[in-house]
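Here is how the chains run, residue by residue.
Number of protein chains: 2
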Amino acid sequence: MINQEKTISRNIVYRGKILNLRVDKVEFPGGKRATREVIEHEPAVGIIPVTEDREVILVKQYRYAVSGPLLEIPAGIMEKGEEPSDSAIRELQEEIGYAPRQLREIGRFFTSPGFSNEILILFLAQDLFPSRLEQDEDEFIEVVRYPFSMLDSAFLNENIRDGKTFAALSWLIANPLN
Amino acid sequence: MINQEKTISRNIVYRGKILNLRVDKVEFPGGKRATREVIEHEPAVGIIPVTEDREVILVKQYRYAVSGPLLEIPAGIMEKGEEPSDSAIRELQEEIGYAPRQLREIGRFFTSPGFSNEILILFLAQDLFPSRLEQDEDEFIEVVRYPFSMLDSAFLNENIRDGKTFAALSWLIANPLN
Numbered sequence: 002m003i004n005q006e007k008t009i010s011r012n013i014v015y016r017g018k019i020l021n022l023r024v025d026k027v028e029f030p031g032g033k034r035a036t037r038e039v040i041e042h043e044p045a046v047g048i049i050p051v052t053e054d055r056e057v058i059l060v061k062q063y064r065y066a067v068s069g070p071l072l073e074i075p076a077g078i079m080e081k082g083e084e085p086s087d088s089a090i091r092e093l094q095e096e097i098g099y100a101p102r103q104l105r106e107i108g109r110f111f112t113s114p115g116f117s118n119e120i121l122i123l124f125l126a127q128d129l130f131p132s133r134l135e136q137d138e139d140e141f142i143e144v145v146r147y148p149f150s151m152l153d154s155a156f157l158n159e160n161i162r163d164g165k166t167f168a169a170l171s172w173l174i175a176n177p178l179n
Numbered sequence: 002m003i004n005q006e007k008t009i010s011r012n013i014v015y016r017g018k019i020l021n022l023r024v025d026k027v028e029f030p031g032g033k034r035a036t037r038e039v040i041e042h043e044p045a046v047g048i049i050p051v052t053e054d055r056e057v058i059l060v061k062q063y064r065y066a067v068s069g070p071l072l073e074i075p076a077g078i079m080e081k082g083e084e085p086s087d088s089a090i091r092e093l094q095e096e097i098g099y100a101p102r103q104l105r106e107i108g109r110f111f112t113s114p115g116f117s118n119e120i121l122i123l124f125l126a127q128d129l130f131p132s133r134l135e136q137d138e139d140e141f142i143e144v145v146r147y148p149f150s151m152l153d154s155a156f157l158n159e160n161i162r163d164g165k166t167f168a169a170l171s172w173l174i175a176n177p178l179n
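Order-wise, the sequence lines are chains A and B. Read in my numbering, the first sequence has 162 at position 161, and its numbers run on one by one without any break. Read in my numbering, the second sequence has 43 at position 42, and its numbers run on one by one without any break.
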């Protein structure tokens with residue numbers, strides 16, 4: 002039996018631009034109480050864009066929270082009223098300048114469920130064609146293409162420091178496209 | 002060229018039990034300024050424990066932040082003074098009651114670098130032997146064994162809602178052990 006935790010009180014400590022912080026009191030079966038710190042975050046999408054030349058298109062950008070640049074799959078926060086597939090297509094157009102003729106969801110997961118409710122919906126995008134949308138004005142992104150032949154565990158271990166990208170590229174290695 | 006963001010001011014808004022919230026002012030090259038919300042979190046470890054019977058041992062537990070139970074690889078926050086491999090061995094003993102004779106790091110990644118500095122160090126654990134440490138008193142964990150033969154993309158898509166576990170099991174599918 003999986004233990005439920007009953008909410009005794011909820012307290013939003015901070016209401017921000019991309020996240021809220023909530024500090025709740027909870028009660029376990031048996032009566033013991035504890036504090037739970039929760040980051041509320043909008044859902045996000047990530048996309049694995051693959052070309053007919055058997056490349057995956059990644060983006061490199063500075064990530065302030067980790068004080069350095071990261072190589073990642075294109076990704077972003079869903080906007081109000083968007084379906085996940087709409088967000089995926091928009092992010093691809095903004096970040097790499099392509100739209101997909103084929104798009105399918107391959108998984109959805111919580112990025113850090115110990116403290117955050119952020120969910121990431123992961124797509125595979127194929128049959129790409131050029132289509133550009135303006136980037137957000139405070140995004141500075143470099144596009145990097147990798148041939149499938151380079152994608153192996155050694156590549157992941159050396160080059161990938163982003164969790165969703167580690168998951169996405171491991172998935173691509175495990176599911177070779179023909 | 003990857004854009005750096007220069008810190009103009011740092012402000013810790015909340016100092017908590019498992020996380021701190023910092024709200025910084027930053028400046029882009031060119032002079033434009035913005036706010037960055039950052040969750041500071043200690044590093045964590047995750048472990049893929051595999052048995053000689055070609056099973057992977059997972060744990061099911063209630064995750065308050067996402068309001069439900071999740072099936073995950075054993076994992077936890079590193080304690081002060083611990084090396085990552087020490088944390089991995091401790092978490093295995095606490096969560097599944099085994100210790101490994103073989104342990105190797107297969108990757109390390111940020112779980113949600115858009116807003117958090119949490120890093121997860123991922124290990125493969127083999128050649129397990131029984132060895133029990135007490136669980137943290139507010140952890141309630143169910144151990145679940147899966148044969149390798151069940152691990153495929155359909156399994157991930159249906160059963161795995163945790164990012165590090167999606168990454169870990171994709172890695173295992175991509176790197177079949179002999």
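By construction, these hints were calculated from the structure, which means they are not laboratory data. Just so it is clear, the structure is predicted and the values come from calculations on it, not from any experiment. Every residue, glycine too, gets a C-beta built ideally from N, C-alpha and C. Errors might be hidden in some of the hints.
Now the in silico label distances, taken between C-beta atoms and shown as ranges [unchecked claim]:
#1 B:M151 <-> A:E41: 14 to 24 Å
#2 A:K18 <-> B:P177: 40 to 50 Å
#3 B:G31 <-> A:G32: 52 to 62 Å
Covered stretches of chain B, going by a simulated chain A footprint (3 or more residues, C-beta under 8 Å) [claimed, not checked]:
#4 146–160
#5 164–175
Calculated from the model, a selection of chain B residues having no Cβ within reach of chain A, i.e. all distances over 12 Å [as the list claims (entries may be wrong)]:
#6 E38
#7 K81
#8 N179
Quick rundown of the hints versus the structure:
1. B:M151 <-> A:E41: 14 to 24 Å: 34 Å, violated
2. A:K18 <-> B:P177: 40 to 50 Å: 44 Å, holds
3. B:G31 <-> A:G32: 52 to 62 Å: 57 Å, holds
4. 146–160: Result for this restraint: holds, n = 3.
5. 164–175: holds (count 9)
6. E38: The claim is violated: B:E38 sits with its nearest Cβ about 5 Å from chain A, within 12 Å.
7. K81: The claim stands: B:K81 keeps its Cβ more than 12 Å from every Cβ of chain A (closest is about 18 Å).
8. N179: 15 Å, holds
The structure fails to meet hints 1 and 6 from the earlier list, while all remaining hints are met.
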